[in-house]
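Asker: Using the sequences and the hints, build the whole thing.
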Amino acid sequence: MSNALTITAPEGVPFIDYVRDFDAPVAAVFQAHADPELVKKWLGPNGYEMEIAEWNLVDGGGYFYVHRVGDEAYAFRGVFHSVRENDLIIQTFEYAGFADVVSIESMTFEDLAEGRTRLHGHAVYPTQEARDGMVQSGMETGMSEGYDRLEELVR
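Read in order, the letters of the sequence shown are residues 192 to 346 in the working numbering.
Quick caveat, the hints were computed from the structure, so don't treat them as lab data. There's no promise every hint is true.
Claimed, not checked - Simulated pairs of lysine to any residue, SDA-like, Cα-Cα distance not exceeding 20 Å:
#1 231 to 315
#2 231 to 318
#3 232 to 335
#4 232 to 208
#5 232 to 261
#6 232 to 258
#7 231 to 244
#8 232 to 323
#9 231 to 301
#10 231 to 303
#11 231 to 269
#12 231 to 252
#13 231 to 340
#14 232 to 212
#15 232 to 255
#16 232 to 266
#17 232 to 250
#18 231 to 343
#19 231 to 333
#20 232 to 345
#21 231 to 259
#22 232 to 343
#23 232 to 222
#24 231 to 331
What the hints assert, rightly or not - Quick list of simulated restraints, FRET-style, between CB atoms:
#25 327 to 238: 19 to 27 Å
#26 324 to 302: 19 to 27 Å
#27 204 to 288: 22 to 30 Å
Every residue gets a Cβ at the ideal spot worked out from N, C-alpha and C, and that includes glycine.
Answerer: The structure is reproduced here in structure tokens:
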């Protein structure tokens with residue numbers, strides 16, 4: 192892929208920033224985050240199947256999904272706090288395997304003109320240990336693989 196994911200996890204602070212460009216208009220990239228049938232096609236690492244029990248991308252809406260690979264299952268849930276179409280999503284994120292460790296995440300969708308989009312993300316964790324655990328979990332690989340599939344989907 193020509194548009195690589197950049198993840199920044201500065202030492203000593205409990206947050207992660209990421210940036211990824213897409214060769215697609217903002218409306219297409221945002222819609223791929225809003226429509227659960229599209230989300231299932233790209234979110235998560237390669238080889239995982241995704242079951243969505245809830246996906247309601249509106250202010251105060253929620254989500255719950257499970258990624259499966261072989262006999263393993265990984266459940267995630269959260270609340271969409273603020274949603275501005277084609278502009279911003281603020282949500283919480285919790286992996287059921289680490290209950291009570293909830294991050295607050297924001298994603299902004301920047302129009303780069305000529306049908307291109309830049310996605311900026313910022314995730315804040317309750318502790319440095321929680322942030323470091325996320326970084327060490329394989330997050331970068333899963334995000335990169337998922338965003339590569341998103342790129343193909345919205346192109």
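Asker: Now look at each hint and say whether the structure bears it out.
Answerer: Tested hints:
For the given pair, residue 231 sits about 25 Å from residue 315 by alpha-carbon distance, which is inconsistent with the 20 Å threshold. A distance of roughly 30 Å separates the Cα atoms of residue 231 and residue 318; the hinted pair therefore is violated under the 20 Å criterion. For the given pair, residue 232 sits about 14 Å from residue 335 by alpha-carbon distance, which is consistent with the 20 Å threshold. Proximity of residue 232 to residue 208 is assessed by CA-CA distance (about 24 Å); at most 20 Å being required, the pair is judged violated.
Simply put, residue 232 and residue 261 have alpha-carbon atoms about 18 Å apart, close enough for the 20 Å limit, and the pair holds. For the proposed pair residue 232 and residue 258, the alpha carbon gap of about 12 Å is at most 20 Å, so the pair holds. With a C-alpha separation of about 11 Å, the suggested pairing of residue 231 with residue 244 holds against the 20 Å cut-off. For the hint linking residue 232 to residue 323, the alpha-carbon distance of about 28 Å lies beyond 20 Å, and the restraint is violated.
Our distance criterion of 20 Å between C-alpha atoms is broken by residue 231 and residue 301, whose separation comes to about 23 Å. Pair hint residue 231 plus residue 303 does not hold up; C-alpha atoms about 26 Å apart against a cutoff of 20 Å. Between residue 231 and residue 269 the alpha-carbon distance is near 16 Å, which keeps this suggested pair within the 20 Å criterion. For the proposed pair residue 231 and residue 252, the alpha carbon gap of about 18 Å is at most 20 Å, so the pair holds.
Among the hinted pairs, residue 231 with residue 340 is consistent with the structure: their alpha-carbon atoms are about 11 Å apart, no more than 20 Å. At roughly 18 Å between alpha-carbon atoms, residue 232 and residue 212 fall within 20 Å of each other, so this suggested pair holds. Of the supplied pair hints, the one linking residue 232 and residue 255 holds, its CA atoms being roughly 16 Å apart against a limit of 20 Å. Restraint check: the Cα-Cα separation between residue 232 and residue 266 comes to about 17 Å, which is no more than 20 Å; the hinted pair holds.
A hinted pair counts as satisfied when its Cα atoms are at most 20 Å apart, and residue 232 with residue 250 does not qualify at roughly 23 Å. For the hint linking residue 231 to residue 343, the alpha-carbon distance of about 14 Å falls within 20 Å, and the restraint holds. At roughly 14 Å between alpha-carbon atoms, residue 231 and residue 333 fall within 20 Å of each other, so this suggested pair holds. Our distance criterion of 20 Å between C-alpha atoms is met by residue 232 and residue 345, whose separation comes to about 11 Å.
Restraint check: the Cα-Cα separation between residue 231 and residue 259 comes to about 12 Å, which is no more than 20 Å; the hinted pair holds. Only pairs whose Cα atoms come within 20 Å are accepted, and residue 232 paired with residue 343 is accepted, the gap being roughly 10 Å. Between residue 232 and residue 222 the CA atoms are separated by roughly 13 Å; this keeps the pair inside 20 Å, and the hint holds. For the given pair, residue 231 sits about 19 Å from residue 331 by alpha-carbon distance, which is consistent with the 20 Å threshold.
For residue 327 and residue 238, the Cβ-Cβ distance of about 20 Å falls inside the hinted range of 19 to 27 Å, so the restraint holds. The given range of 19 to 27 Å is broken by residue 324 and residue 302, whose C-beta atoms sit roughly 34 Å from each other. The hinted range of 22 to 30 Å is satisfied by residue 204 and residue 288, whose Cβ atoms lie roughly 24 Å apart.
In this structure, the earlier hints numbered 1, 2, 4, 8, 9, 10, 17 and 26 are contradicted, and the remaining ones agree with it.
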